[in-house]
Amino acid sequence: MRAGVIVFPGSNCDRDLAVAFRQAGADVSMIWHKDVSLPDNLDVIGIPGGFSFGDYLRCGAIAARSPICSAVVEHAKRGGYVIGICNGFQVLCETGLLPGTLMRNSGIKFVCKTVGLRVQSTQGAFMQTYETGQEILMPVAHHDGNYTAEDDLISRLDGEGRVAFRYLKNPNGSADDIAGVLSANKRVLGLMPHPERAVDGAHGGTDGTAIFAGLASVLENA
Amino acid sequence: MQEPEITEELIAAHGLSPDEYQRLLGIIGREPTFTELGIFSAMWNEHCSYKSSKKWLRTLPTEGPQVICGPGENAGIVDVGDGQCVVFKMESHNHPSYIEPYQGAATGVGGILRDVFTMGARPIAAMNSLSFGAIDHPKTKQLVSGVVGGVGGYGNCFGVPMIGGEVRFHPAYNGNCLVNAFAAGLADTDKIFYSAASGVGMPVVYLGAKTGRDGVGGATMASAEFDDTIEEKRPTVQVGDPFTEKRLMEATLELMATGAVISIQDMGAAGLTCSAVEMGDKGGLGVRLNLEDVPVREENMTAYEMMLSESQERMLMVLNPALESEAKAVFEKWDLDFAIVGETIAEDRFLIMHNNSVMADLPLKALSGNAPEYDRPWVETPAPAPLGDVPEVDPIDGLRALISSPNYAAKQWVYEQYDTQVMADTLRAPGLGAGIVRIHGTQKSLAFTSDVTPRYVMANPVEGGKQAVAEAYRNLCAVGATPLATTDNLNFGNPEKPEIMGQLVGAIKGIGAAVAALDMPIVSGNVSLYNETDGQGILPTPTIGAVGLIAQPGDLIDGAAQTGHVALLVGETKGHMGQSALLAELFNQQQGDAPRINLGAEKRHGDFIRANHALIHAVTDLADGGLALAAFEMAEAGGVGVSLDASDTATLFGEDQARYLIACDFDCAEALMLAAAAANVPIATVGHFSGDQVTFGAACAPLSELSDIFRTAFAAAVA
Chain A
1 MRAGVIVFPG SNCDRDLAVA FRQAGADVSM IWHKDVSLPD NLDVIGIPGG
51 FSFGDYLRCG AIAARSPICS AVVEHAKRGG YVIGICNGFQ VLCETGLLPG
101 TLMRNSGIKF VCKTVGLRVQ STQGAFMQTY ETGQEILMPV AHHDGNYTAE
151 DDLISRLDGE GRVAFRYLKN PNGSADDIAG VLSANKRVLG LMPHPERAVD
201 GAHGGTDGTA IFAGLASVLE NA
Chain B
223 MQEPEITEEL IAAHGLSPDE YQRLLGIIGR EPTFTELGIF SAMWNEHCSY
273 KSSKKWLRTL PTEGPQVICG PGENAGIVDV GDGQCVVFKM ESHNHPSYIE
323 PYQGAATGVG GILRDVFTMG ARPIAAMNSL SFGAIDHPKT KQLVSGVVGG
373 VGGYGNCFGV PMIGGEVRFH PAYNGNCLVN AFAAGLADTD KIFYSAASGV
423 GMPVVYLGAK TGRDGVGGAT MASAEFDDTI EEKRPTVQVG DPFTEKRLME
473 ATLELMATGA VISIQDMGAA GLTCSAVEMG DKGGLGVRLN LEDVPVREEN
523 MTAYEMMLSE SQERMLMVLN PALESEAKAV FEKWDLDFAI VGETIAEDRF
573 LIMHNNSVMA DLPLKALSGN APEYDRPWVE TPAPAPLGDV PEVDPIDGLR
623 ALISSPNYAA KQWVYEQYDT QVMADTLRAP GLGAGIVRIH GTQKSLAFTS
673 DVTPRYVMAN PVEGGKQAVA EAYRNLCAVG ATPLATTDNL NFGNPEKPEI
723 MGQLVGAIKG IGAAVAALDM PIVSGNVSLY NETDGQGILP TPTIGAVGLI
773 AQPGDLIDGA AQTGHVALLV GETKGHMGQS ALLAELFNQQ QGDAPRINLG
823 AEKRHGDFIR ANHALIHAVT DLADGGLALA AFEMAEAGGV GVSLDASDTA
873 TLFGEDQARY LIACDFDCAE ALMLAAAAAN VPIATVGHFS GDQVTFGAAC
923 APLSELSDIF RTAFAAAVA
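Residue numbers (the working numbering), protein chains in the order written: chain A, 1 to 222; chain B, 223 to 941.
Looking at chain A on its own, in the form it has when it is part of the complex:
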């Protein structure tokens, strides 16, 4: 697996994401946001958590307009894999690769804790190792994780198997408890929880491993 992790000036989970990719056997390149093209032959691009441009204006909005993001969109349109975590999810929504938007948490405060999630979809390489309905634990840490979209879009996402995870106990007011969303081809995953903080026994849980391992196994068998 060849993975690229995009580094914006305010990314702060870029290393953590690279560690999780490497643990799943990937060669990882770190890609600077001012670059205009991606290294050749990347299988997956990770957009890490953090505060890409200080979360000024709107979380992820400036990042989505940075030079590298056009290349990320191209990669996704060619059927490449993309995962956006936390701020990366916000960036993916801002690029239009995923529908909806992430508003300020309903409690107005930053929220950092480990939350329960239910696996809603097992479609696509990121999700296929999980079981539908499986309950797992992952940390969240965000100020703007309140997923919002029109009602009909949300019911459509559900029907198409595009709601990846739901919160068991909603920490941020997100619509229909949605914690993560897939693209129509199931190759782009955006989620607020941090799977890269749940890949090591020392993290207190390894429920995030399946995302990276699932992708690795699909790529190896391709």
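Rather than coming from a laboratory, the hints here were simulated on the basis of the structure. Among the hints, a few may not be true.
Part of the chain B face toward chain A, derived, beta carbon under 7 angstroms [unchecked claim]:
hint, residue
1, R252
2, G374
3, N378
4, C379
5, R469
6, T642
7, V644
8, L649
In silico SDA-like cross-links for lysine to any residue, where the CA-CA straight-line distance does not exceed 25 angstroms [stated by the list, open to error]:
hint, chain 1, residue 1, chain 2, residue 2
9, A, K109, B, R933
10, B, K633, A, G173
11, A, K113, B, V940
12, B, K550, A, S66
13, A, K169, B, K550
Label-pair distances were calculated between CB atoms; the ranges are [claimed, not checked]:
hint, chain 1, residue 1, chain 2, residue 2, range
14, A, G79, B, P924, 36 to 44 angstroms
15, A, D35, B, E253, 37 to 45 angstroms
16, A, D35, B, Q758, 56 to 64 angstroms
17, B, D619, A, K169, 27 to 35 angstroms
Built from N, CA and C at the ideal position, the CB exists for glycine as well.
Following the hints, position chain B against chain A.
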């Protein structure tokens, strides 16, 4: 621009006493310019010069084989083996946080992070020790919400895990909250950067954010008492930008790797003035600055404003001129300002030019070297009246009084607003005892704690000072860490009052004795004085931040109490009730003496815990709240009931020191009893963990009910 005339009022407004002004005249032999007066005021205020505390700080033990760099640099440095070191410091941002809580706290976090990465270390952990006024004081909730928001807002964006700290409430902080920010970073021992300039004619480079008028006079403000004009001081509080700080950190570390940095200093209090003087003074050189080259974000800034601005996220460095273009490229990559604003000069001179006019021309060495130093009169704190009889209470009522108080309730409301896991190396998040992070990519971990019990220090500064260190030591031992070193953040009232000075002197004596006995030298620190409003001082609050090393994963103790575990108490219980949490929370009394600290016993018991870590499933130190609170917290964390044999108030709520509560199975308990007898360590079975009730003697209550109180009381109190 015409500078104002120097008048008595202007001198007083700069916080210089008539004697200090005479001293200034003696040094320069003429009347200072306005800019020069500002520079002297910045260098000679309490915050920068430590003029009241220096005499006593010198008595603190600061050395040991583990110490690479003690006090005097931006942060202290301690060896953690394998060519790596931990760089850490704690610093207060009390006055700004009271005036503007969000920005005051945020820039406190920013300042301490900068101190750490200026030395070449990437920050890997942060803590905050916060003290607020009474929970029902009209200002408290707004301060809590603003300070916690500011700490989180800055640290979360910067990307450093918050892994510990303290939050307390007491009416003595009604007019002065305390925000003590700690940060620690990791560096390679052969890649540490210091502030001493070297080489004549070397370019002095300005890095980071642009300079504005924010914070002008901030250090002087931080060295004054508050009165009813406080609202007017708001413009002296700086505004933080954590996104810029994050870029500044990345750019600085990248720049250091190019070899372009000869010396470097962050701009903190009194910005350009302090940083330039510091670099020149340490290197035995003069500095010339050309202020028209300083990047500014406001128009028509005067020399005075530029020299005293406390705009955040700025650095000053001496550059190796051969690598100027490489250095510049790094800062352009991160979209930060990089400007050559002066040079080092051979003469002992601090020469400030602005558009070809000389705005200040001062002997540089004298600015820091000849700063006033006071041997302020002090009186020993009188021994407190002995405590009368404490009435027996229903022990469950006593426990309820503690865990329903925001002082002892769970602080999740606070810690959930901080990113505690960024960098994915957090092994133990804040909540119970020390926080722990792995040293990335190694088998080693670092444990951090911050501790002080201000009530004890108020009653007995010497014993209270010792206790702060001893509690930090115990918190580190209780996770299996070997204590390495400490940083002290000394918060006191007005040192010109002999009884306040007596508290400072006493606390330093106690801290000194304890760090010597427990081999935890002080490697960095900060003093915050004049924490008074309308003549009312805070409780003396010498916060101790401490760092310990867990050399291998097997040394870590991080289990939770389980059904069937024996509760073993290490240390001697005499039932010391003076200044206890129970007295304060249930009886609203602050009486009697602080508990005595037996440093020999502290050392012995801590060594015992670490030596026997393999037999210990879970352990916590006993601090204020005594056995009852410790047993409840262990039960609560493990989700299992606890039953203690004792029912008397002194045994359950007494605050004797050098004690730990252990949970382990019967076989381990037996082995521990044997080991303790051999090590001359008192140990006794005091109960067991099982069921779903908390039982003290004959009194009991469901754990779930108490747990509910414990987990909701804080949010309810601050909401």
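Look at the Cβ atoms of D619(B) and K169(A) and judge whether their distance stays inside 27 to 35 angstroms.
holds (32 angstroms)
K633(B) paired with G173(A) [C-alpha distance capped at 25 angstroms]:
Holds, at about 22 angstroms.
Evaluation of the interface hint that places N378(B) against chain A, nearest CB under 7 angstroms
Result: holds, 6 angstroms to nearest chain A Cβ.
Range hint 36 to 44 angstroms (beta carbons of G79(A) and P924(B)) holds or violated
violated (57 angstroms)
Let's test the interface hint: is any C-beta of chain A closer than 7 angstroms to that of C379(B)?
holds (4 angstroms)
Tell me if the interface restraint on T642(B) is satisfied: Cβ within less than 7 angstroms of some Cβ in chain A.
Nearest chain A Cβ about 6 angstroms off; hint holds.
Holds or violated: R469(B) as interface residue toward chain A, Cβ cutoff 7 angstroms?
holds (5 angstroms)
Is the gap between the beta carbons of D35(A) and E253(B) within 37 to 45 angstroms?
violated (58 angstroms)
Pair hint outcome, K550(B) versus S66(A) [Cα-Cα no greater than 25 angstroms]:
Measuring from Cα to Cα gives roughly 22 angstroms; hence the hint holds.
Are K109(A) and R933(B) close enough, with their CA atoms no more than 25 angstroms apart?
With a Cα-Cα distance of about 18 angstroms, the restraint between K109(A) and R933(B) holds, given a limit of 25 angstroms.
Identify whether the interface hint at G374(B) stands, where standing means a beta carbon of chain A within less than 7 angstroms of its own.
With a closest approach of 5 angstroms, the G374(B) hint holds.
Run the distance test for K169(A) versus K550(B): straight-line Cα separation, threshold 25 angstroms.
violated (49 angstroms)
Of the hints listed earlier, those the structure fails to meet are numbers 1, 13, 14 and 15, in rising order.
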